[in-house]
Every structure is written in C-alpha cells, then in structure tokens.
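Engineer: Those protein sequence lines, which keep their order, are chains A and B. Under this note's numbering, the first residue of the first sequence carries the number 1, and numbering increases by one thereafter. Under this note's numbering, the first residue of the second sequence carries the number 251, and numbering increases by one thereafter.
Please keep in mind that the hints were generated in silico from the structure rather than gathered at the bench. All of these numbers come straight from a predicted model, not from anything done at the bench.
Now the in silico label distances, taken between C-beta atoms and shown as ranges:
no.: 1; chain 1: B; residue 1: 381; chain 2: A; residue 2: 12; range: 44 to 52 Å
no.: 2; chain 1: A; residue 1: 37; chain 2: B; residue 2: 384; range: 57 to 65 Å
no.: 3; chain 1: A; residue 1: 154; chain 2: B; residue 2: 272; range: 36 to 44 Å
no.: 4; chain 1: A; residue 1: 216; chain 2: B; residue 2: 422; range: 53 to 61 Å
no.: 5; chain 1: A; residue 1: 200; chain 2: B; residue 2: 423; range: 42 to 50 Å
no.: 6; chain 1: A; residue 1: 126; chain 2: B; residue 2: 461; range: 53 to 61 Å
no.: 7; chain 1: A; residue 1: 92; chain 2: B; residue 2: 276; range: 31 to 39 Å
no.: 8; chain 1: A; residue 1: 56; chain 2: B; residue 2: 381; range: 55 to 63 Å
no.: 9; chain 1: B; residue 1: 272; chain 2: A; residue 2: 172; range: 41 to 49 Å
no.: 10; chain 1: A; residue 1: 154; chain 2: B; residue 2: 434; range: 47 to 55 Å
no.: 11; chain 1: B; residue 1: 507; chain 2: A; residue 2: 12; range: 23 to 31 Å
no.: 12; chain 1: A; residue 1: 174; chain 2: B; residue 2: 507; range: 34 to 42 Å
Don't be surprised by glycine CBs; every beta carbon is placed ideally from N, CA and C.
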Amino acid sequence: MIEVDGAGVAFGGRFVFRHLGWRLERGEILAILGRNGRGKTTLLRALLGLQRLTEGRIATAGSLGYVPQRTSTPFNFTVLEVVLTGRARHLSLFQNPGPEDRAKARASLATLGIADFEERRIEDLSGGERQLVFIARALAAESDVLVLDEPTSALDYRNQDLILSVLRDVARHKGLTVVFASHYPQHALLTADRVLLMDEADRAEFGATAEVMSEASLSALYDIPMRHLDGRDAGAHMVPVFLAGRGASR
Amino acid sequence: MTSDISQPAAVRPAAARPARLRGFWLAVGVVAPVLLVVSLSAGRFDVPFGTVLAVLFDNVLPLGAEYSRTEETVVELVRLPRILTAILAGAGLAVAGAALQGVFRNPLVGPQIIGVSSGAGFGGALAILLVGSATAIVGFAFAFGLLAMAIVYAMSRIDNQAPVLMLVLSGVVTGAFFTALTSAVKYVADPDDKLPAIVYWLMGSLASTGWDDVAVIGLPALLGGLVIVALRFRIDVLSFGDEDAEALGVQVERVRWLVLAAVALISAAVVAVAGVVGWIGLVVPHFARMLVGPGHGALLPASAALGAIYLLIIDGIARTATAAEIPLGILTALIGAPVFAVLLRRAHLSGWRRD
Numbered sequence: 001m002i003e004v005d006g007a008g009v010a011f012g013g014r015f016v017f018r019h020l021g022w023r024l025e026r027g028e029i030l031a032i033l034g035r036n037g038r039g040k041t042t043l044l045r046a047l048l049g050l051q052r053l054t055e056g057r058i059a060t061a062g063s064l065g066y067v068p069q070r071t072s073t074p075f076n077f078t079v080l081e082v083v084l085t086g087r088a089r090h091l092s093l094f095q096n097p098g099p100e101d102r103a104k105a106r107a108s109l110a111t112l113g114i115a116d117f118e119e120r121r122i123e124d125l126s127g128g129e130r131q132l133v134f135i136a137r138a139l140a141a142e143s144d145v146l147v148l149d150e151p152t153s154a155l156d157y158r159n160q161d162l163i164l165s166v167l168r169d170v171a172r173h174k175g176l177t178v179v180f181a182s183h184y185p186q187h188a189l190l191t192a193d194r195v196l197l198m199d200e201a202d203r204a205e206f207g208a209t210a211e212v213m214s215e216a217s218l219s220a221l222y223d224i225p226m227r228h229l230d231g232r233d234a235g236a237h238m239v240p241v242f243l244a245g246r247g248a249s250r
Numbered sequence: 251m252t253s254d255i256s257q258p259a260a261v262r263p264a265a266a267r268p269a270r271l272r273g274f275w276l277a278v279g280v281v282a283p284v285l286l287v288v289s290l291s292a293g294r295f296d297v298p299f300g301t302v303l304a305v306l307f308d309n310v311l312p313l314g315a316e317y318s319r320t321e322e323t324v325v326e327l328v329r330l331p332r333i334l335t336a337i338l339a340g341a342g343l344a345v346a347g348a349a350l351q352g353v354f355r356n357p358l359v360g361p362q363i364i365g366v367s368s369g370a371g372f373g374g375a376l377a378i379l380l381v382g383s384a385t386a387i388v389g390f391a392f393a394f395g396l397l398a399m400a401i402v403y404a405m406s407r408i409d410n411q412a413p414v415l416m417l418v419l420s421g422v423v424t425g426a427f428f429t430a431l432t433s434a435v436k437y438v439a440d441p442d443d444k445l446p447a448i449v450y451w452l453m454g455s456l457a458s459t460g461w462d463d464v465a466v467i468g469l470p471a472l473l474g475g476l477v478i479v480a481l482r483f484r485i486d487v488l489s490f491g492d493e494d495a496e497a498l499g500v501q502v503e504r505v506r507w508l509v510l511a512a513v514a515l516i517s518a519a520v521v522a523v524a525g526v527v528g529w530i531g532l533v534v535p536h537f538a539r540m541l542v543g544p545g546h547g548a549l550l551p552a553s554a555a556l557g558a559i560y561l562l563i564i565d566g567i568a569r570t571a572t573a574a575e576i577p578l579g580i581l582t583a584l585i586g587a588p589v590f591a592v593l594l595r596r597a598h599l600s601g602w603r604r605d
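Go ahead and model the full structure; you've got the sequences and the hints to work with.
Structural biologist: Set out below in structure tokens:
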C-alpha cells in the first residue's frame, strides 16, 4: 500500500510537482506518464526515500525494491552476483550472502524464467535480459513494492511485452504493488490498474486506467494530438494503440 | 511466458567458475613456496636451497643439519623479516587498491591516484623531522594519508558522484600540494642527519627491515585487510553506485568511510616501513580481476596473493640485480606506469566510460 498526501518537491524554489495525492492498494499496478522533466523520476525517488519531500508526506507499507532506468557497474559481474546484491538489506554490515540468500536469488531468477542465466556475465546480456536480471534483484530483496523507472525504454517490442507480462505476473501472483514510469501510453493501458498523468507542477490526474486515459487528457499531457485506435484498427495488441502527431490529427 | 530470451545461446557450466578459482589458488600454492625459498636463498650472500630449508626446519624440529652461523643469520634475521615485509606490503597495497576501485566504481584508481600515498609520505617525513620513532611515522603517515584522501574525496564529489576525471585531477592537485609540503620538510631538515633519512625513506626500500618492522607493518595491514575483506559484499553493492546501493538498503557513507579508513591504515603502515611504493594497488587488482572475476569475495584474496608475489619478485630484483640496492619505488613505477598506460588506453578503446 502506498499513500501520497499533498506531496511536493521543489528545487531552488521551483516545484517539480506539488499537491499530489493518491492511494495505491496492495497488488495494484500504477503507471506514471508525463513528458520529460515533469518529475516522474523525482516522484519515484521520493517514494524510495532517496529524495526529500518539500511538503506533504508519503506512507508506504513494506519495503521497496528499485529497478533504475539505467544502472551500471564498471565490473562484469555474473548474474547471480548481481541478484545477490538485492539481499543487502537483509544482511548486517559485515555479513555476507549465505546458502539461504543464494537460494532466494536463484528462486527469483526462476520466477522470471531465467534460472539458467546465473553464471552468465551481465555485459554479455541483451538490454531485455539485463532488465529481467535487475527485476530479479528487486524480487530477491523480498520487497512488497516494485518501483521501476522506464523499464521498457530501451527494448524491442518482444522484450517490452515480456517485461510488462512479468510485471503483471508478480502483481497478480505474488501480490506485489508495482509502480512504473513510462513514455508509452499503450503500456499503461495494457498493464496498469491506475494511471498518474503528471502535467504542470500542480496539475496531475490520477485514477483508474480506463477513466484517465482519454484522447483529450493524453493530447493535453503530451501537447500533441493523440488518437486512440480501437482493437480493430490496432490489430495485434502490441501495435501502438495511441497514435501521435500529424497522423493522429487527420 | 515463452520467449527466446529465456533460451541463452551459451551457458557456461556451473562448475566453470569455481574450477577457475581453484586453478588460481593451485598455481599460487605452487609458485609461492618456490618463490619463498628462492628469495631466502638468493642475494649477495648465497645460501643453497637445502640449507634454507634446513635452517627453517630446525626451528620446528631440530634434526641437527649442518649449516654455518652466518647462513642462519642471513636467512632468519636478514632475509626472512624482509621477505615477510614485502609479502605484507604487496598484499596490503593490492587489497587496498582493489577496495578503492570497488567503492569508487572505477578500475583506474589506487592509493596513489587518490592522494593517500603523497599524504602519508608527507606525514612520515614530518614524523622523521619532528619525532623519529617508528610509531610516530605510522601515526603521522596514517593521519595525513586519511586527510589527503578526504580532501580528494570532497574535491571530486559533484552531485553525489565522483566522476573519474574529477577524481584523478583532485588526486593530482592534492598530490602536488603534499609533495610541496614534503619538499618544505626536506628543506628545513638537517642536511647531515635527517635529510638523507627522509630522502631514502621516501624512495622506498626494504633494505634495512628487521623483525620490529614486520610488527609495525603487520598489525595495521592485517587489521585494515580484515575490515576490507569483511566488507567484501558491501563493496560489491557499492560498485553499482550510491543511489542504487542506498535503494538496496546499504548505508553508503558508513561503508565507504570504513573502507577508506582501512585503506589509509594499510597504506600508512606500508609507507612507514617501506616508503612510498606506488602502482601496486593500481595495477595488481586488474590482473586479479582477469583471473578470478570481479566479485570482491574472490577478488580481494586473489589480489592479496598476486600483490605479495609481485612485490616479492620486485624486491628480489631490487636486492640482486646490481651491487647496490635499487629503491623499490623506482622499480614499481618503472613497471607500473607503462602497464597503467596500456590499461588506460584499453579501457578507453573498449568504450568504457564512467562519467
């Protein structure tokens, strides 16, 4: 459960967002949409406690696992070594991962269907594979809430579909609450129970996906005409269901 | 969930990595004892292998083997403490370097780049000038090593990150500052007595090490090394960056300062006994990483072993190559600097960028 109450973050007196108020129940998926610089990542960091709120408050039940947009290490670790770092919060300062931690790391790899990755090195993986590994790491942390920053941004269609179905799976079957920021309205439509549209600093819209995601509100959000294609027009489900720009305004 | 992403093209067998690690330690287990006996045997006064073994073995179980008093003195009072010091110094510097590279997420840093060596060098020179005791040298070297490291760290941090370029340049600036201070100490030192002591000490040498030096370097180096090895998993986590590590529930600053203090302790102990011996902490962890992988659980002990072997060989060259002793710092720099240049170019060419 996440409860955001009148939350706002300002940098140098300018609010990135403010007066945010919404509530997410356990097992729900929230998609956060908005143009660049509208505070999506800042909000995610505030949820994680990495960014101090200027005003308001955020309450979360349980621990949060983070899958950053891009995380890098100069060292070419094995997949198992990467996933094991997710166990850090359960280990004291001088403690090292033991058999139990390795078992949990392997279990989270298995949950995502990548049990046979464990000895591979992260630099040998594709973008989608790497994203899966970092989701596995967040699962290994035994978090109650999964926070992902643009988890599908660098992926091809097939891997986008894979990551989204993984998010649905962990929410439905493991009861995890999922919050993800995205630049793809169709991903929100396909995956999320709730959507948060972040526009101007004090203008945000929150609600059930079907209610919030209208052509009008998305056109306003992105400041570009957006047209919703229904299933017949769209064909297979991964074809963009929102068409933007000149093509949309005909 | 069906996808080709769950079908990896080539999976290394699960046993491959442990086997490689075993191979590494097997090789160390063979090389190290041989190297030890050769080091004890070789030098200006030649002691045959058999005699070396006899002298050593007699301490455990006197079998009445025949050897001269001189041979015993050379092996036990001259060479053994020197060799142990080389082992401790090499292992300590390599572990310190590997730990620094982990917490700064940067394979191109070392105790020298980060300013700790020049700070510790100044501290030691100051101690020789003002006090003169071994304890003072360790204490001063530690304090100023840590201070230099803190200055570099504070100077290079921008937006909670320490980009490579800022780190290296801050190290250069701090190094230049402390080198100037060291020159000032030399300038005011008594040219008949203190000045030569400072100059030779700074160049780095194990020429006059005795058993008391083993104690001086041994305790701090072991303590620092233990702290670093105990933090091996946290160092793994920190190498993913501060924010990532914090989100994983790690108290980043606390871990980093513990590691930095341990590094300063090791570097100061080495500097106090052996002078400024550069490049080992920078270069050795690279080779260890190539051999056993980047996970610090395997990397730190492997770095220690390689560092010990490396400095043992270097010190062997230093005392046998010419009639006079070659200062250690000169040799490690002559080898380390070109190797570092190659690593730098390779890292750049492979597209590795940290900022």
